[in-house]
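Protein sequence lines, in the order shown, are assigned to chains W, H, X, E, Z and A.
If you read the first sequence in the working numbering, its first letter stands for residue 1, the second for the next number, and so on.
If you read the second sequence in the working numbering, its first letter stands for residue 230, the second for the next number, and so on.
If you read the third sequence in the working numbering, its first letter stands for residue 459, the second for the next number, and so on.
If you read the fourth sequence in the working numbering, its first letter stands for residue 688, the second for the next number, and so on.
If you read the fifth sequence in the working numbering, its first letter stands for residue 917, the second for the next number, and so on.
If you read the sixth sequence in the working numbering, its first letter stands for residue 1146, the second for the next number, and so on.
These are computed hints drawn from the structure, not numbers from a lab.
Straight-line distance between alpha carbons at most 30 Å, and here's what the computed DSSO-like set of lysine-lysine pairs gives:
no., chain 1, residue 1, chain 2, residue 2
1, H, 318, W, 116
2, E, 811, W, 114
3, E, 776, X, 574
4, Z, 1030, A, 1236
5, E, 803, W, 116
6, W, 91, H, 345
7, H, 353, Z, 1030
8, Z, 1007, A, 1269
9, Z, 1030, X, 582
10, W, 89, H, 416
11, X, 547, W, 124
12, Z, 1005, A, 1332
13, W, 105, E, 801
14, A, 1269, Z, 1032
Number of protein chains: 6
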Amino acid sequence: MERLIEGFDHFRRHMTAEQRDLFARLASGQTPHTMFITCADSRVMPEMIFGAQPGELFVYRNVGNIVPPYAQHVSGVVAAIEYAVTALKMKHIVICGHSDCGAMKALQNPAALKGKPSVEQWLKHADVARYVVAENRPTIQGEEGLRYLTEENVVGQLEHLRTLPAVAAAMANGSLRIHGWIYDIAKTEITAFDPAEGRFRPLLSGDGNVPDATPHARFSTPAPVASAA
Amino acid sequence: MERLIEGFDHFRRHMTAEQRDLFARLASGQTPHTMFITCADSRVMPEMIFGAQPGELFVYRNVGNIVPPYAQHVSGVVAAIEYAVTALKMKHIVICGHSDCGAMKALQNPAALKGKPSVEQWLKHADVARYVVAENRPTIQGEEGLRYLTEENVVGQLEHLRTLPAVAAAMANGSLRIHGWIYDIAKTEITAFDPAEGRFRPLLSGDGNVPDATPHARFSTPAPVASAA
Amino acid sequence: MERLIEGFDHFRRHMTAEQRDLFARLASGQTPHTMFITCADSRVMPEMIFGAQPGELFVYRNVGNIVPPYAQHVSGVVAAIEYAVTALKMKHIVICGHSDCGAMKALQNPAALKGKPSVEQWLKHADVARYVVAENRPTIQGEEGLRYLTEENVVGQLEHLRTLPAVAAAMANGSLRIHGWIYDIAKTEITAFDPAEGRFRPLLSGDGNVPDATPHARFSTPAPVASAA
Amino acid sequence: MERLIEGFDHFRRHMTAEQRDLFARLASGQTPHTMFITCADSRVMPEMIFGAQPGELFVYRNVGNIVPPYAQHVSGVVAAIEYAVTALKMKHIVICGHSDCGAMKALQNPAALKGKPSVEQWLKHADVARYVVAENRPTIQGEEGLRYLTEENVVGQLEHLRTLPAVAAAMANGSLRIHGWIYDIAKTEITAFDPAEGRFRPLLSGDGNVPDATPHARFSTPAPVASAA
Amino acid sequence: MERLIEGFDHFRRHMTAEQRDLFARLASGQTPHTMFITCADSRVMPEMIFGAQPGELFVYRNVGNIVPPYAQHVSGVVAAIEYAVTALKMKHIVICGHSDCGAMKALQNPAALKGKPSVEQWLKHADVARYVVAENRPTIQGEEGLRYLTEENVVGQLEHLRTLPAVAAAMANGSLRIHGWIYDIAKTEITAFDPAEGRFRPLLSGDGNVPDATPHARFSTPAPVASAA
Amino acid sequence: MERLIEGFDHFRRHMTAEQRDLFARLASGQTPHTMFITCADSRVMPEMIFGAQPGELFVYRNVGNIVPPYAQHVSGVVAAIEYAVTALKMKHIVICGHSDCGAMKALQNPAALKGKPSVEQWLKHADVARYVVAENRPTIQGEEGLRYLTEENVVGQLEHLRTLPAVAAAMANGSLRIHGWIYDIAKTEITAFDPAEGRFRPLLSGDGNVPDATPHARFSTPAPVASAA
Ligand SMILES: [Zn+2]
Ligand SMILES: [Zn+2]
Ligand SMILES: [Zn+2]
Ligand SMILES: [Zn+2]
Ligand SMILES: [Zn+2]
Ligand SMILES: [Zn+2]
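Turn these sequences into a full structure, and let the hints guide you.
Here it is in structure tokens:
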């Protein structure tokens, strides 16, 4: 706690004029371009690794970077995405898992959930990863099994994301794009899900061909009369 | 999206040896000391303003820095706090609101929620702020009303936090402390709730007397035999 | 009621020896190949229009051929699909909407739901159709609007279906296929959703090329040793 | 799947002029007289065994012909019944169980539910059958036990049905009647619950005395003008 | 508050030896014969009007003497009845409404619920009364309408009570009996629901013929070997 | 049952003129000063031990004197408290546990809950007591353990009570006070929770210093102009 307070004191004393200006400008509104959904894990620092400035990323974090589907009982994630898409007009939503994730390890080893009934209930939203791996890679354990779970969890959460009406409506005309990524802490690498190939590929491929998990648009955007809205 | 990808590319190219070492060390575990619960707002960047290193803060972010109470239906926040307290043995939990918060503005002006049913349902967890201000400061509007709502929301979420069994159990012997803060974006200032005075006071008071919202411990910690647990 | 009783009496008296044999054989088990999810509407009679025999179709019917997604609160549909996939080893799941559907008309004209709070709450699971059409075809009303809603509802329910862990696990290796159809009562025609083209095409195209809504398999089926399971 | 498509092709080619007329007439509306709630089991084909025409039966099917009671969380069945009674002005509701039902077998042998958590949760709505039989026929197993469970499940679902406000309101003046039946697949026989005798009796008794599970009406139908009801 | 404390002080000083003995005997267990479910209203004092001694009545009180049906979400009433029937082996359950009930008045005049969203949501469990009266006595207002609502609420809660598995199991063999009463505060009179007549009759009829709302038992009690349990 | 009916008959015959007058006056309204929340246990008779008159106590009783927190799913207790505070303008709310409570014994010995799934689910709202005692007094069993559980349950329910918006709003200006008591059946004694000392103290201390569990008011009551509302 002292570290935080000292850190904040230090930050205030050493703010640049530029930072002061930025915060003053931001004081009355935000216009982020991307919603970033990731794990609460202390080793995942999205703003740092992307060099994002204040005002750029609308950041949702929970245990396991989970997006419950759209159901009668509203979760905080669903509410946040609705807000991001309808009020903030987000252009992109990224769901980003990571290596060595405690939530994924708990999926692999349910005994770790003893005495943690709320976590166990929450991870029901990651059942899909558990089922897909158990059915299709039943003999794979350890590191490789954990990687499969982490990947299938991102794939499954993308499916959940597609059930949100506001997301479906915006994706149907291409105005919103969704992405499923995994951040490897040790290697400082990111892979992205490519539905065409059905696998994760490096985000930085060098060829500018960035994988994207958005389904095909079924509607062209509202007729482009003479304006460029 | 391109900005993020370029940012990540830049980050990777310019990592220091120190950073590489840190990430390598962190690759197989985290030992954060503080759980930080704040808003998804793009202008709130906890790691930046506290100068926190990777591995220090377990960060939960949602719309309105809300903690639903412990009920039959488990929320992601409740699961995350259970994990933070029982698995990660967190010493501190901070609930941090902020100025110009879209969620608080929506409490003040419910018309803004039209077409956002999930946000409206989610903000039921902030009803307490709305009720307290409507009952006790019915004539106050605008900026001042927003400040009251923001403060009362933090106070109310602290109350919700106290209903979590794992939190109550750890607070009862003093091993966990809870804090309610508000970050002012324009002024780069933080105030903290002081239950003894029933109001928010500056975090950086200069006298080292930091407000703390933890109720009195009712149990001494397990008898301190001869060990230094 | 008398008609039903007389009908049953008539059916019993005129059963063929073949039918008797069939029922005797079926008395201790079912092995349907397809789960058919359709509306409770009295004009939709799947067994009749497909000439299905007893024992062929596992038939789920509700208002609006809706499949709630996989969430903490289990619906009857989710339970039935889990049973169909894990216990009955279904090879296909069809979600079949229909023309002139009362549920779709209610989406189009919410005033019709006055005094029907349970139907209104149930149709929350069809919000996705409402949102997609409102966002992308805001000016289209009447017959054409109803057709869009009916199509988008089937597309949305297919998305919900994909969130079921047992479904995702079986689709991931190609052992289960899913289909989205619409039955036109007046024309006795069926169209099927083709995700590649993003539109509904006639089921009976004559070229044997039947549209299929299953996502690409990501896992090859368990190694095909020497057997033909 | 091919069988279905061929079956539909065959049906279209061989439609009679009468059928074409009927479908044309039905294209813009339905006026069914009876809501029929039965199991999704592939061997139960209500339209076939009652010789019902398109437009006659509003058919709800789920696993175990279950009707959850009227509670805060609305199920698809409750919504469908509300629609049937208030919009379609149904005169009769039949809940129809059947012999060799997989859901009833699962009640008898809970071990069969391993790996089927959604089915297990769904069958909570059939707890009443399990409790009644366990308490009153604890030593009866096998076929006879299954028959008791099947009967008590129908009795219990009739009780649930009575909790729906729209059903209670219509039954209270006799304008809606409810029925609990069991269909024996092997014998092609139906028995109906007779609350006066507290047991199931053959539907086709020959004496025209058909059992009916509706409670006594407490209100005469809307007051006949000049009287002082 | 002072009145309560003084009242308690007075009670302690004036306890009789008999009362002291009774409380000493009761200190380690209760064996009530009847569960009494009534309204929280301050004018309803069941122990007083029945002259019940400590240890006789297991008393559940809430707003509107409501019994939610048995559903996935467990209410406190359902839990209490389960406890009463399975642990305390209750012989009778009484649901007792009363005249001038605030909850019933709110059913009659929904405007009274403005600003009371939780009460409004809770009274959904009394929808049945509202529907039955609206459908069958639409023109009756005022006192008489309130009486109808109060009666139909008791009838509806009896229906809910019948959905509890433990209740159904015990009623099925006659070991538990259920009763629906209404207490008139001004007249100090009680009427009881008689399902055979479909109306409420005076509890104290003088002829010893007490109305009882229990459905016919379908199972004889476990064979009465040689003991008299 | 006969005892109740005879008791009521006796009560009616022996009513005093004063009682008749009181009931007549109360026939059209109640103005209780205190909401009393206690266990359904047959040995707890609040009106008797406080010598309360009809019209004084608004009495809520359930298993374990539990107050679920304010969440999306409304419980009967939450609705009742909302009614008590906003409609009846209650000045005090007392949560009163008691010795030898079956619910607390079940917390101590979960095996007692076998076959009582609804009670088990209900007691989730008392998890906090279980956790606090397990964490802080892990080695204490029997009578003393039961006393700790009973006390911590009252403390935990007070925390739940604080989450109700209407309660928080009224406590914030001191117009509502809350109290946590425990009634010892054998000793006819009451202890009250004193948050300042973090322990339960005798209610009748003789010095007029009655413990009170209300948090400090943060708002002065609406400015006391010249009137005495
Ligand atoms: Zn993680
Ligand atoms: Zn905010
Ligand atoms: Zn339909
Ligand atoms: Zn079946
Ligand atoms: Zn009342
Ligand atoms: Zn108790």
